[in-house]
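S.K.: Once you've looked at the hints, dock chain B against the given chain A.
2 protein chains.
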Amino acid sequence: MIENAYYSHDTHGDYDLISIGSLDLEEGGTIPDCLLAVATFGELNADKDNAILVTTWYSGTHQIFRDVYIGPEHALDPTQYFIVCVDQIGNGLSVSPHNADGANASISMSAFPKVRIGDDVVAQERLLREHFGIEQLALVVGGSMGAQQTYEWAVRFPDKLLRAAAIAGTAKNTPHDFLFTDTLNEAIQSDPGWNGGEYASNTDVAAGLARHAKIWSVVGYSTEFWKTEAWRPLGFDSMESFQTGFMEAYFGAMDPNDLLAQAWKWQRGDVSRHTDGDLTKALGRITATMFVMPIDEDMFFPVRDCAAEQALVPGSELRVIANVSGHLGLFGLQPEYMAQVDKHLKDLLATQ
Amino acid sequence: MIENAYYSHDTHGDYDLISIGSLDLEEGGTIPDCLLAVATFGELNADKDNAILVTTWYSGTHQIFRDVYIGPEHALDPTQYFIVCVDQIGNGLSVSPHNADGANASISMSAFPKVRIGDDVVAQERLLREHFGIEQLALVVGGSMGAQQTYEWAVRFPDKLLRAAAIAGTAKNTPHDFLFTDTLNEAIQSDPGWNGGEYASNTDVAAGLARHAKIWSVVGYSTEFWKTEAWRPLGFDSMESFQTGFMEAYFGAMDPNDLLAQAWKWQRGDVSRHTDGDLTKALGRITATMFVMPIDEDMFFPVRDCAAEQALVPGSELRVIANVSGHLGLFGLQPEYMAQVDKHLKDLLATQ
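These protein sequence lines map, in sequence, to chains A and B. Heads up: the first sequence begins at 0 in numbering that gives the first Met the number 0, then just goes up one per residue. Heads up: the second sequence begins at 0 in numbering that gives the first Met the number 0, then just goes up one per residue.
Bound conformation, chain A alone (with noise of 0.2 Å):
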C-alpha cells in the first residue's frame, strides 16, 4: 500500500469500511479481507423494504451521490428511503490497490487481482444482507459503472430488486468504449513514473494522470459544452483554467492503480455472460421495472446503444436526460440535469 490524503475520511466525509470477508473472484484470485466502504443514508424500516443501493462509477465514490443526489429535495430521499452507496472495488476507499495492506498486503500496487462488475454484485449483494438483513430492494440506481453495476444486479439477482436505474451506461460494454478506456489506461500507463505500477506516490504520475484528464475532457464533455463555455457558470474563466483546476485537480489526485482496476473492469462489463453471449436472453431475464436513462450529449454511451439495449427489457422505459455536458453530467453540473433524474427516478419509485 502507498498513501494517498485524498481517500480520507477528510475529503470522502463519514462512511464505514466493512468487511465481508474473504472474496473469491470470477477471474480467479481472491481477495482475502473485502473491505467496502459504505455510506448510507437515512433509516431502514422495520420490514426492511425500503432500501435503495446506489452504486459508483470510475473514479467516483460516494461523495458526489451525498453531495448532488441525495437529500430530502431529491428522490432518493433520506426521509423515506434506507439509501446504501457502496464504493465500488478498486475506487479508493473500498479495497484498492494502493491501499490494500494487512491481510491484504499480497495483493497490494500491482499484485491486485482482475475484479469484475460481477465480482462487485455480489459482494454488494452479501454485505446487504449479511450486514444490514436486506433481502430486496426497492431500487438499484448507477451511473456509467453504477448502471453496469445496476443491469447485473437486475440480470443476476431478478428477485432481490423491484426497479432499477441505468444511468448513462450500459449492460455490454461497447467496442467503442473498449477503446476509448484504452485510451486513459496508455495515458497512465505510459508515464515512466507508473512504474508497472509500482510508484511511491501517485504524485509520480502526475504526467500522465494529466493526459488521461485531458482525454476525459475531449470524450467526457460534449462538442456542445466547450463551444458553449459550459465552465464558465461553474466558476472557471478559461478552457485552460477549467482543464488545469477541475479536471487535472480532480484526477491528478487519484491513484494510477486503482483507475485502472475500475478500468479494466469496466472495459468488460457484460451481462451476457451469464447467458452464453445471448444478450437478449440476459436483459430478457430482467424482472425489475427498469428506466435506462442515457444523457442525449453523450459521446461514448450514445442513446442509440441505450436505446437498443433498453428495447430488449421487458416492460423497460426509455428515459433520455438532456444535458449539455454529456457524459460527465453524472457530476451534476447543471440545475436542470438534477431535476430530470429527480423526475424520473420519482416516476420510477412511485411504480408498483
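Mixed in with the good hints, there may be bad ones.
Claimed, not checked - Derived, one-sided and incomplete: chain A residues facing chain B with beta-carbon distance under 8 Å:
id, residue
1, THR173
2, HIS175
3, LEU178
4, SER189
5, ARG210
6, SER216
7, TRP225
8, MET238
9, PRO301
10, ASP304
Quick caveat, the hints were computed from the structure, so don't treat them as lab data. For glycine and all other residues, C-beta sits at the position ideal for the given N, C-alpha and C.
M.R.: Showing chain B alone in chain A's frame:
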C-alpha cells in the same frame, strides 16, 4: 533533416517538388525555400478556367485524392478539369520539419517555424499564379484541414475562386477540436523518444505514435463504426488487427514533428483573423458558390458546428454526407461515401 522512406515517390507516386521561393510567415519567421509537393491531373485549358485546387488534411497527402477522389468516374474528373493537389506545408512531402535541408537546414526538426493555414493558402495562390498562370479557380475543395484551407481561400481571395467545397471541417476551429488535437500532440510529445523533437528516426517515437493512433480510433470514427464492425469489410478479422494493421501502420510510418506542425496549424485555423474576430463578417465576404459538407457521424466536426458556419456563408448550401465511419470516412472506406461526395461536387460544379 532525417530520413523517412514513407515520404517518397515509392509510396506517393508522381509529384513535383516546386519552389515558390522564400515565404514569410504570419507568426514571424520565414521558410527560406518554400518547396511544395504538387500532383496534377488532367490538362489546363487555353482559357485557364478549368482548374481545381485540392487541399490536404492532417496526415494526408495528394495520394488519397489520386486513389479515391480523382478519376473520370468522379466529379473530380481529369478529362474535364486540371486538378492541382497541393500538399500542405508540414505534411512530409512539402517542406516539413523532417525534410528541411539545403537552404532550409536552419529550420530542420525542432527549429521548424509555426505555420498557419493562411500561410499555406498564400503559398498555394503564389504557386498557382506564378507557376501555372492560374488567376481564378473553378473550385477549391478539401476535407478537414483541407476544409480550413478552403474557407481561408474563400475569405482571403474571394475573387480567385468561383466555387468552394468544405468537407468535414470548419472555418473557425472549435475549442473541442483544440483539446482533441492536444491529446494527439501529448501522445507524441510524452514519448521520451520524441526528445523535444530531436530524434534520429520516427521509430524512436513508435510508442507515442501508436497511442496517437488509438486516440484517433476513439474520436476519428464513430461509436457505430465499431459496434457494427465496419472494419470487417475492409479486410480485417478483429478490432485489434484493424487497430494495428491499419491505424498504427498508417500513423506509425509518419514523422512526429511533421504531425505536430500540422496539428499546431489545425488548432488555430480561423478565418475571423481577417475581421478582428468577427466570424459573421469574415464568412460574409465569401462570393464563391459554396457547399458545406459535414459527415453525419463526425465526432469532432459535428454537423451542428458546420451548419452554424454554413448559415453565415451567403448563398451556400448544407450537404450532409451520411457515413458510419465518421470523420475518417474521408478515407473513402465505404463506397456510399464517394457516391455522395461525387453527387454534391457534380451539383456544385454544374452551378454557374
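S.K.: Taking each numbered hint in turn, which are not upheld by the structure, reported in ascending numerical order?
M.R.: Violated hints: none at all, because every hint is consistent with the structure.
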